[in-house]
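**Student:** Residues per chain are reported as follows:
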Amino acid sequence: MERGITVARNGSDKTYSGPNDPPSGSGMLQLVEELYPIFRSITGSGVRQTLGVLQKYIPVEMREVPSGTQVFDWTVPQEWNIRQAFIATLDGKRIVDFAAHNLHIVHYSEPMDRVVEIDELRRHLHTIPDAPEWVPYRTSYYSKSWGFCLSQKQLDRMTEPRYRVVIDSSLQDGHLTYGELLVQGRCDETVLVSTHICHPSLANDNLSGIAVATALARCISEPQPRYSYRFLFVPGTIGSLSWLATNEDKLQNIKYGLVLSCLGDAGDVTYKRSRQGTAPIDRIVSHVLRHDGRPSKIVPFTPFGYDERQYCSPGIDLPVGCLMRTQPGGYPEYHTSADNPEYLRPDSLAHSLAILQQIVGVIEGDASYRNCSPKGEPQLGRRGLYRAMGGQSAVGDQHMALLWVLNLSDGKHSMLDIAEQAGLPFASIRTAATALAATDLLAPLSNNSP
Amino acid sequence: MERGITVARNGSDKTYSGPNDPPSGSGMLQLVEELYPIFRSITGSGVRQTLGVLQKYIPVEMREVPSGTQVFDWTVPQEWNIRQAFIATLDGKRIVDFAAHNLHIVHYSEPMDRVVEIDELRRHLHTIPDAPEWVPYRTSYYSKSWGFCLSQKQLDRMTEPRYRVVIDSSLQDGHLTYGELLVQGRCDETVLVSTHICHPSLANDNLSGIAVATALARCISEPQPRYSYRFLFVPGTIGSLSWLATNEDKLQNIKYGLVLSCLGDAGDVTYKRSRQGTAPIDRIVSHVLRHDGRPSKIVPFTPFGYDERQYCSPGIDLPVGCLMRTQPGGYPEYHTSADNPEYLRPDSLAHSLAILQQIVGVIEGDASYRNCSPKGEPQLGRRGLYRAMGGQSAVGDQHMALLWVLNLSDGKHSMLDIAEQAGLPFASIRTAATALAATDLLAPLSNNSP
Amino acid sequence: MERGITVARNGSDKTYSGPNDPPSGSGMLQLVEELYPIFRSITGSGVRQTLGVLQKYIPVEMREVPSGTQVFDWTVPQEWNIRQAFIATLDGKRIVDFAAHNLHIVHYSEPMDRVVEIDELRRHLHTIPDAPEWVPYRTSYYSKSWGFCLSQKQLDRMTEPRYRVVIDSSLQDGHLTYGELLVQGRCDETVLVSTHICHPSLANDNLSGIAVATALARCISEPQPRYSYRFLFVPGTIGSLSWLATNEDKLQNIKYGLVLSCLGDAGDVTYKRSRQGTAPIDRIVSHVLRHDGRPSKIVPFTPFGYDERQYCSPGIDLPVGCLMRTQPGGYPEYHTSADNPEYLRPDSLAHSLAILQQIVGVIEGDASYRNCSPKGEPQLGRRGLYRAMGGQSAVGDQHMALLWVLNLSDGKHSMLDIAEQAGLPFASIRTAATALAATDLLAPLSNNSP
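Chains as they are written, first to last, in our numbering: chain D, 45 to 494; chain F, 45 to 494; chain R, 45 to 494.
These are computed hints drawn from the structure, not numbers from a lab.
Accuracy of the hints is not assured; some may be wrong.
As the list makes no split between identical chains, a pair holds if one copy fits it or if it spans any two.
Derived lysine to any residue pairs resembling SDA-like cross-links, with alpha carbons at most 20 Å apart [as the list claims (entries may be wrong)]: (1) Lys137 <-> Tyr207; (2) Lys188 <-> Met106; (3) Lys419 <-> Phe348; (4) Lys419 <-> Gln114; (5) Lys456 <-> Ile360.
Quick caveat, the model's predicted, so the values are computed rather than measured.
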């Protein structure tokens, strides 16, 4: 096990577990810290460097789409790279310096080196007056511009009439880069897991998503899962559009999908439904969250947010929801320098991963059975599945799960259906079904076994 | 612009506006005051006189149905007119006089002129003991009778052993009269607007409905609307039955309908659903009220109330709901002399009209579009529909409306559907659709343009 | 009228009443008291003796199924009878004696007569430490065992090192016995009423169910009802399974069904839905309880409880719900010696019966009519169904019922549907329909009259 992803030693949910024990929350946080200093944008060397780090943990492949490629209504932009950028006094003192913080530069700023009057300069400076120590995050990918982000305190100290502004950037034909990992399952029906990789030094948005996706990929690679799992590490919007535009033949196989983002903050888990609203993934995530024991929130689909906007556009309309903790914009640190690794909690990362493992557990494990003795209740006692002594008033969840599986295994209900109707967690129903399937009472429906 | 309907000078909702600016609340109140002194019943000269006043404002036509005409299960009654009626002491002092208030006479009272013992007389007198200064309103259209309505205070002063009772009324073959105005639209599909015109000096019930219906008719007559609008000013029950029985061929064209009544009091707007319960008119009114910003109430259909009872009888079953403020019987002044013009509020009349104009705005404006770039989100920025600078956490309703229209213009959703799902007012969605339809991104679905 | 079931003298609901007035609560309690001393188990002479008592009140027939008969997944067990059983000190003092209380013996205990060390004995003794004066109820029908139930106080006094244990029982081929009563209706469509009869001295569970079922059978036997009614008095589980396995040809006729149990305690009525969840019986019971005026509870189906487990097994799936007051296990006295006749309340028994009579009233009385004058409201006044004087603001439920029946008698709504939509009790709607059917306004739909 490499640095960055260490194994959890105790207590995490094992509803579904591959041969690799799930990485711990602090292991995922180490990966976040490793990736935090890298400067990323929607194109450029930072994304490649980031994928290079991930390749230490998972066999993710790097894909490159040339600048100028038409992807649906969009064109892949030129590749933008930056070496240095600063604002200095005329006597050479650097007062805002990209070397000090990745957020200081507005993305896709054009190259320049000139003295600028303070009035003109102010129109290119971005601050957060309400949080005077924080630096905001700004981009201008598709509109030629330049600018710096700085703290309000820095701005307040800028009293000179003019400053030298240097941006040593380049915008030229190159590539858009993204990462893709296919874990081939026993069938080609696919679970899509997508997370955005374009943000620079912002920890929750979205190094948390990258770290949890990486951990999930490790967990499910062995033994071979039932479904295939396709992980995408893509620059927001243009990355998912590029993948969709060049992989339309693969879309029909996608049966479940999740966009992962903002999974490391202290807030409760939030699930945003797919555009379809009642797709199997929506039912499954709702079920898992209902039985999680911690508060959580389910919100309807809206056409704003992360790459679910693309996966759920009307001409694509995949069953893709979005798993988050606090929603984007719902915490003041969002898109500021305060969204740094200290903002993350190891137990939140671990809990986010555990929820995902339970979701995968239902996806992998759901199936339908047939009650082979459907007239009246079968005699569980002589099969060792019922207590011998009668008369007590209560039975436990374990016994209720047996009765529910028998009662609803009528060819019309899957184990998830049964769990939902019984108000019991999927894992209890699956345990009961497994016990019953070991007797003559329950048989898998053909072509439907997990 | 004649007296009675003056133009609002500022601020009313312009979601839909014809060439005539909407009449103001005080303008509608002036019309109420003009109509208040006229004595109306289900037949007789008062209805004709009332329609004559309305003809100063709108080209409503007067229809006459002869007494004895069979209308479904009913027969148009004889025409009843009254010249004078009073109760006097034997020495000639009039103590209850129809000349003093229109409500003093029970409608369809038979003619008489005789001295009546107080005990017999009392059985023909109607008061409101709980509101001793108010005179109630009573009718006996279909059962031969006579009677007077008076205040409890008047009754308490009647200490003589006998009184002279004079009713100078006539009941003879004639006509039932109602008003009809068809605003022919670009198609024959029709919006029915019906209001009852049979009540004498009662301001909210229903001079308010008559005034608001008149104002609405003025607003929508030009430019030619998409739908045809049929306004009916009918005596309650027998009037709507008469129209229905003689116009069955027109019923299939009625796609939306509203009964208007009690629209001038200070209470919140109440909408009573059609018998169908989920007809388009029910959805539209619910939508408009949800976004109105003032409290409102939606109640289910019941087979009691105004003429929706007839339009929603099982053999007719039109999609007709009822728009009111406080429901009939829900305010103590209902059907008493206290329901006079002072009980009405100009701003309530104006608000009722504004709600109706918004309802008309949705009826007229709803349509479906097709997203011409349905795979992924289109690039709004290069079409001038998106801010250039990225990174801010929130977007406004205006931008959300653009995204919703694009996301749901899949051939299955009209603008009203989109507004409902987005939780945004119809007008916002329509504005967004108009902006998108001006680009290459959105095209109207054939045969469905507003 | 025999001892045990006396006639109610006043006030009980007469929605449906046969020629026999409904038995009173105290009459039903007398029957409970008569049956209480009899020792019952799932087989044996006690069930026969119990049915013998019931035959004094209703013509229930005794059915016998031989030991060894295969009923679905089960085998009818040998017949178990017991003459005496006790634990005595070695000097002969009986300290736990079956003669003192029927609950002292674990059902199906094997015969024995030997001295047992206290340590071994303790493993065969059952108490309720939290209720030290109460004796629990325990069974071991299908697993060879023996044991005694006693109060914790009794156990605390057992300080000897060894005791003599005598169980004079027999387990040998014989029969399973149950009672069946078919009240043949005008059609073969059947209402199933099933109650369990296997418990010994437990009053609420289920002598209350037996007494209420007996009373109900008396009430509906004359005049001949529309539906056939099949009453089953069966040992729990094995009894209902035996009936089902030997009467599969009759199942298709069962249109409604209720399991009755625990109907005499002071708690609110609880209805547990059938497995189908929205079967007519579920709608009917919900309707009756909603209008009962007392609190009640509707709970979803679960595959645990009484014989609804068998009737609602997936291969049977009959529309059978369960009517109870407090649910099994929901009161501390459940399955203990404290569930004795003093625990029951006559008014609870009477109320349970009244609810059942109302349910039968809807089953028997529901039908659909056709409004013969469906266009507009018919003129009720000239048929004597409407007050003559108009203008009052409110109308009573009685008049609303007339209007609802007319409005919804469109061939798509039964009287129950109308009652549900109107929010009025079925009886009011039925009264209105009867009044209207006596005029030319309403006619029964063919093949659907009550």
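**Student:** Indicate, hint by hint, whether the structure satisfies it.
**Tutor:** Results of checking the hints against the structure:
Taking identical chains as interchangeable, the C-alpha atoms of Lys137 and Tyr207 lie at most 20 Å apart only when both belong to the same chain, with a minimum of 10 Å there against 101 Å between chains. Taking CA atoms no more than 20 Å apart as the test, Lys188 paired with Met106 passes in neither setting, with 28 Å inside one copy and 68 Å between copies. Taking the shortest Cα distances, Lys419 and Phe348 sit within 20 Å of each other only across copies (15 Å), while inside one copy they are farther apart (51 Å). In this assembly of identical chains, the alpha carbons of Lys419 and Gln114 lie at most 20 Å apart only when taken from different copies (13 Å versus 62 Å within one copy).
In this assembly of identical chains, Lys456 and Ile360 lie within 20 Å of each other by CA distance solely across copies; the values are 15 Å between and 30 Å within a copy.
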